[in-house]
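Since the structure of chain W is already known, use the hints to place chain R on it.
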Amino acid sequence: MATYKPVVVQTFPKLGERITQDTVYWRGYKTPVQIKEFGAVNKIDFSTVPPYNYAVTASSRIHIYGRYSQEPIKTFSRFKDAAYCATYRDDGNLLVAGSEEGSIRLFDVGGRAPLRQFDGHTKPVHVVGFLSDKYRIFSGGDDYSSALWDIPSATEIISYSEHTDYVRCGCASKVNADVFITGSYDHTVKLFDARTKSSVMTIEHGQPVESVLLFPSGGLLVSAGGRYVKVWDVLKGGQLLVSLKNHHKTVTCLCLNSSGQRLLSGSLDRHVKIYSTTSYKVVHSFNYATSILSLALSPEDETLVVGMTNGVLNVKHRKPEERKEKSQMKRQPAYRPYVKGRTYMPKQEDFCVSKPVKRVLRKYDKLLKSFQSSKALDAVLEPPIRLYTPEVTVAVMQELHRRGTLRSALAGRDEKQINLLLTFVARRVIEPRFTPILVTVADMITDIYQPVVGQSAIVDRQFLKLQEAIGKEIDYQEELLEVLGMMDTLFATFTKKRATYLEENKSNGLIETIETITN
Amino acid sequence: MVAPAALRVVRCGGGTLHGARAVFSADSKYLLCASGDFVKMYSVTTEETLRLMGGHADLVTGIQLNPHNHMQLYSSSLDGTIKLWDFMDGIPIKTFTVGSKLLALYKLASCEDSVFVIIPKSGERDTFQLVSVKLTKGAGQDLEAKELSVVLTGVDASPKCTAFGREGEYVASVKEVNLQVYFFKQKQLNRFSLSTKKTKNGNNHFSCVACHPKEDCIATGHADGKIRLWRNFCHKKEYTFSTLHWHHDIVMDLAFSMEGTNLLSGGVESVLVLWHNESDCQKDFLPRLGSPIEYITMSPDGSLCCTLHKDNRITIINSNLRFSRSIQGLIKSVDVKTGLVVDPRTKALVLNGEPGHLQFYCLQTDQQLFSLDIVQQQYIHQAGLNQTDLVKVAFSAEGKWLATVEEREEETNLELQLKLWFYDEETQSFKLNTRINMPHEDHITGMCFRDMDELEDDSLILVTAGRDCVFKVWVMVEDTDPEAQQSVSWSCDFVGSYHNYQATNCCFSEDGSLLAVSFEETVTVWDSVTWDLKCTFCHPPGKIRNICFGKQTCSKYLIGATDFGFLCCWNLLSCALEWSAHLNVLILQPDPLSEYIAALSWLSKESSLFVFKPNEPQPVYIQRNLGKEKIQFAAFVPRDEPEPVGSEKYLWLRRSQLFFLTDAQELMTLSMKSLEERLTPASKQLAVEESLPVTPFSLLLGKHRRQQSQEDRDLGKLIVHNKHEQESPAVKELLHTPAHVLPSASFLCPIFINSLLISKENKSAEEVTDEVEMESEKTENDSDEERDVTEMEQEDPSPVELLGEMPCKLSKSQEKELRKLRKMDYSWISVF
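Protein chains in written order, with full-length UniProt numbering: chain W, 1 to 519; chain R, 1 to 832.
If you are wondering where the hints come from, they were derived from the structure by calculation, not from laboratory data. Treat the hints with care, since some could be wrong.
The calculated SDA-like cross-link candidates involving lysine to any residue, where the alpha carbons are at most 25 Å apart (straight line), are [to be verified]:
hint	chain 1	residue 1	chain 2	residue 2
1	W	K5	R	F285
2	W	K5	R	N386
3	R	K649	R	P619
4	R	K197	R	T127
5	W	K369	R	C281
6	W	K5	R	K431
7	R	K237	R	T196
8	R	K337	R	P592
9	W	K369	R	E407
Sample of chain W residues at the chain R side, in silico, Cβ under 7 Å [stated by the list, open to error]:
hint	residue
10	A2
11	R403
12	G404
13	L466
Please read these numbers as outputs of a predicted model, since none were measured by experiment. No residue lacks a Cβ here, since even glycine has one placed at the ideal position from N, Cα and C.
Here chain R stands alone, though its shape is the one from the complex:
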């Protein structure tokens, strides 16, 4: 009926949050953050993502509230535009095109019609200048802003290196060892420079700057961890500065409290330091914030403070330096080594989180569910340390057991630990059961559980493959003492090897009867009961990169991908090569719920996706150009309920959804819906309701509303049906179309009235409305960015459709007449 919408790559998490300083809304209820090409709005109380404002074509580099309207927000981007948003409704109000790359954005209350931005100086590389841009006032959405006046040249590109002082009287900017202060009124430029001495911990280059909100005082952070407070800098010679020193590494950001009594600083140590009264002796700490602090922001009322971390976490801190809550989506870890794993219990995506932890990331809410501490060691935030990291994760079929491998590599020796965790129903978390030191003598390359849902626990087997040329089989051992309480632990049951080749991958067949282990160029297949070698496959030249068994109807096939760009499919019954294809496969990911297998390949600087069934060499689906970045990992996440899929081509998306992680740790998926639709409408509703001020009247109204909704529920189906009618396109169109393009009221009235009627025989009418909805959905899907354009498009078909609906609505008398006509005897016609 409806042509299937095209699949597109949709971003659904991750990315970089630390493009710019976060901004609190005026009432400190919302937090606005630049996230990649988007601006995100979070609720401070519920930690939810309320709104996602997209429109920039490149990274957002700066966001600032409009000082004259607290509901508006300026954002600048590398695409050379400044956008003004109404963030409460998520609507872009104006777009100013500047032309060159914008690296930072500052907005002052004193100059109403201009903003300050940092742009690269034309003609020179790596030289940047601070310019003020006059925002022209004009009608229409897209405006040109070409009136630029240079304020300072030779500034640093980082937005942290420039700050505006007390009510915009001066601007301070640092670069390397130079500090320059420009006074707007006096038009005076003072330059100060430090001696370029090298100390043990680095140099005394400036790293950030902050200005006191009330006094003439500038705080600067340095690469060697010192903070300098500059005063009396209006004189070129008689300036003074004092030094605060606690950080042992670069000071990443500084912020003054609203009154200027306290100074906050943060750095690589991930400790937030609060300096009282700008003195060296009085300071408070908030240690162990998880990862290096990138930005510090104070809320306008001074009650909250938030730190943006390198791993994309946002921590909200109370004014008394107590940890309040943290907003965390997909935590960006230094290096994802575990790959994407799906927790069978929560359907959450599991991967490396903060160092030594495993994060469980909920795909629906874009939030971290919890973080499991695997390594259980204090992480020291210091460069150049070799610390234990998590490298492999595997879940048993029902999520009852979790196996993790952590390693720490020294120059000479390797520390390996295999840990087995048991899911404790009481505490609802994983509990350490067995720890095995040095399970292999070299790196572990593969690990898998025997996945068997229906069998008992004692069939549970874990296999690890290592670079020490063996694979090991681990089984559960029950304590045999009859009087002691039952306890289980894991121990090695079998060690297998093949010609002293390094074992690289391992995988169990669907029924658990066969184990495939790849040893460099060869795939070996073992019987999982007797541990006998059954057969071997190889496809020289080229080492085996990935292997997997087919599922369901294709369970007799074994798929392997080799280094030299071959994808091979072997038949396990005939022990022969079924087919092979020339494809440089990076990732081979079988869908656990269907027979489809996804292969992600890397061909000439772009990734492509091939979905195929093992029993036929022709791929079912091909998507080229998944993005510029290399894809690291992919995973199929089972859907809660099968999604209706229109075409044969997308049948593989019915049971599960494919997610993949790029090099920049952005999580992507293939979807037929756009991201705006995927965001739950409930949260949007919440945002609007929350923004309403709480008055006695609204409380009264709220009570009334609640009552009404209860009544609705009591009344049941009829009302529900009615509601559905109300949402019909006719009413929607009536309410959403601008008044000046609407037809005359007399024309609309019957349509509106009709749509409100609860017709008895409106079966056909309903069908028609359904179709209209589908159509409109389709058009929405087709639209890429410009929502307003689609709305315009929607306008056209619907009135036509509605007109078509008219004849169906016949009055009762007309119907009777029609029936009479039908009953009439027309046999006399045939006589002629």
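Chain W with its partners taken away, still in its complex shape:
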């Protein structure tokens, strides 16, 4: 003997972007805070020690912001012209920056005046950074050279002039204190070892290199230039691992998240793309108002800061994790009554009475089970179901139609209920998943309530609305067919061979709705 089978509510997969763990994670940021800087933001760097302040280089100033501050905590403005690439040392105490006039300045975070100034570059210095031993600085300038500086003595240790164009990006290895990398507009990335007189390795990127990045392990190198982001295996002698082309304008900045599992790239096309470093597929992407020049992610991914060409700094903070305290509100029964009798093993002479499992049915199912069609329809027309889960309402209507009682369930309703029904139908009839059944419902309603048309202004207005909605949809469909016809002529001019495939795409996209129940 079968039990009552509840009404099957057909769920459809959401079209478009699929919700993955990544989307959930990266959507977990609050609405951004916008801070206006004086010029294009060319570098953002986070301090690695709490409270994770960050230095923003824009125009001739370096601003230091606190985690949640809207105003800069501190400003370094001793530059005659533009400052570039303000970078924190690992311990968060020192800050180094290049400048348009060719000098490199070293600041104490606490102080105001520069501690040291390194002169030697003849052209603007766009890239500076600390080596991982903390006592040396590397730099790259528009004079095609890259140099290594000693902090205590403020002298140049070595200078390499191997690039044949501006050096615009660089990065120091975290594993080896002597190794650093520079990328240049001459389409190459060069790996230098401070112990040798020339570069150790040259990698041909193919486009002017805008940004380079080394993985924490030091084994992989990421370079960005043109529309490409390329990943190279350094340990295999600079072999290309993967080439990503997901932006449609120049990629300007790269960044890794704190776990090293995701790679972020920002581009002039206003997008930040997030890649998985295992599959190198885009797992998420952010959209911004203007072209992106720089981006940085704080430790633990708490804050995402993006700098734009129009000088706007966009700061996103992660939402605090919701605590599930609601479950505590409900007092659970004590442990002992809960487990009482659970472990009891029936003896041989005991007579076991099995308790039937109680199935919980929804209200409309209970009513349908007892064949109360009208009440079941009433139950699914209640606001929460009607508004948030229209598929349930439609499923019950379909079930009633299948049972042949839809007409009697729709009949005999007062003005308010007809109004409600018609509002629902007029709103949902254009949704393709509901159309077949709601068209039947609309037919029946017009049939049943034809005699009373003209008696109530509210109902008449709803009928007109329904007519309008259907008319609009018909126009829309006609337009779509026109577009389809145009596309067909276009495709017909392509190869003949592909014709069948195109037909298949059409039928997949427009007509079918495929639902998958994941295992």
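Showing chain R alone in chain W's frame:
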């Protein structure tokens, strides 16, 4: 050595169970049912079919226990005979020939030597009368029963429309709007009639009647769903009746409980209603019994109740209206649309079961294994509703995937769903994986999986052909997200069409490299990798009805059958017609394990079977006259182990067995064995053992027996051999032949003793016994109905054979002498 027995059509399931009310045995352990021409005995506890009693030549219309002997059963049939059975042993005791068609049978305890039957009134059509038949007491099996006395005329033919009241004092019969009650003692006939008014739900015609077992009260069911309780009907005028109304459609059957306190009623709603104290307000329900209730029977002790349903299911219900168990063989569905499909995992036959379900029917035990809910919607038992039904089923090669198509047709729009089910090893059942709404815009006409055992899952392809002029290829898609857990779903990969013709059939070649799709008159062959059209075949005029590829050695052939009665075989290598034959083929069924193909044709009101190999136009086997009914579907079911087949002619039956389903949903097969043999002997044994009363002594004996059997097992081969000896025909004959035809004991003694001996050099003797067994088997096969006749026949050859056996058994001294003789030098003879 032995000439092959002829193949015959054997019924193996299905048919109609609802010829008559079921009957419980006196101890409520067994249930007896009329099933077609047979009477079936089921065990109530194990749901097994214990016995099949055949002998009637037409439908069995009534069965009743003999009130004076609980081990005996009367059965009546349309062939005009009443048979008395000993149902415990399944032996017919007596056959009474009445002469005219018997439509119902009633037996009362009060009149010992007569039964009541309903027969058509001679000379008038559609008029029936209730007569009492005096069962003559006489020697011999076949008796004439011609002493008929008419009790009532103008009764309804249905056995439900007549009932006997309190200890047989009166009989009540209903027809249309009339109720007539006849009192036997007073010889008084009272007629009551209702006004013929038509209501919304139909008319108030009577549909069934039941009498209270203790009081003077008659319950009648009506076509509009009302139940009326009549009292005081011994007066012509002052009778009263009360009305109970719950059913919304015709009341199919009524039954009073043994004490008469409760009334059970059932109808089309498939709800069993229990009315307490004959009042309208107190009632209990047992809803959703699956299909309309046809008959309700109470067991004699009142502890059980059983309902017979329209779909051949028997439901056994406890006295507290709790569902207990159900006996279900092949469920009869309204319309079998899926055809016969074999589940590769269980080797069960799969077809439409109850509405929206797929039944898995075990051929060996004649039981339903399980029923898979495909549609998952509440079925409403109401006439005139269009409800979703299952139309197509396909299994992947190893039974891992199941594809089903369900449809519901409205006047304007069609609802189609393609569902793909994955076999879950943990729960041992199919789990829904993908549901596709509207896979085609019109009816789906064909569906098949690419059958490839050896390849991996990703080669699995499903093809559906639809009337919307396309065929679609569905493939499995794996979820690409590396972090998410692995999951697969199905999606469309390719859509093909051919000149905007409707696609009608599809089928893959054995190696899966080619797909054949028939489009009306044309068969197209596609490459299954690139989906390019390779070639087309057609045989105008006439649309293609069936197509299939040859298997194994004949895999280069494609067979097609057309509407205009042609069977064509195309060679795929030369792309030319190899041969064609004029044959109106309804079903084309290839054997999955061999190259044989069965074609079932319908020629001038009878079905014929042709079995052929695609490489030769001459059929291997032809069986004409498969039965009067049209055959709907056929399927080859692989055998567990190849059966030894004697002749070349039956080689096609070696690996698989052919089953087919007729229009009346009877499952038939071609077999060399008769049905009695096919029933497992174990169940018969069980029946006998179960019928033994459990006494302390029998328990003791049982323990002893078990010990003995264990010892036997320990002793091993020797004993087994010995057992075999015991079953030798000599002993059998000795035990089974009636004493009065046996030869003298002195003659039998040496034979018996010999048969018990474990001879060392009895090789020849064994061979002889083997031969005897084979021979006897053959004779059994030849015998159609009369088992006792064959037994008589068997008697003759065996003593002769046994006599022939005698010389082989030489004593040792004689043997020595013989050897000496052989060793002797006879060379001196040649000198002369």
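Each hint, compared with the structure:
1. W/K5 to R/F285: Holds, at about 17 Å.
2. W/K5 to R/N386: Holds. W/K5 to R/N386 sits at ~18 Å (cutoff 25 Å).
3. R/K649 to R/P619: holds, 10 Å
4. R/K197 to R/T127: With a Cα-Cα distance of about 24 Å, the restraint between R/K197 and R/T127 holds, given a limit of 25 Å.
5. W/K369 to R/C281: holds, 20 Å
6. W/K5 to R/K431: This hinted pair holds, its Cα atoms lying about 17 Å apart.
7. R/K237 to R/T196: holds, 19 Å
8. R/K337 to R/P592: holds, 21 Å
9. W/K369 to R/E407: With a Cα-Cα distance of about 23 Å, the restraint between W/K369 and R/E407 holds, given a limit of 25 Å.
10. A2: With a closest approach of 5 Å, the W/A2 hint holds.
11. R403: Holds - the Cβ of W/R403 comes within 7 Å of chain R, reaching about 5 Å at its closest.
12. G404: holds, 5 Å
13. L466: For W/L466, the interface hint is violated, since the closest Cβ of chain R sits about 19 Å away, which is over 7 Å.
Checked against the numbered hints above, the structure breaks only hint 13 and satisfies the rest.
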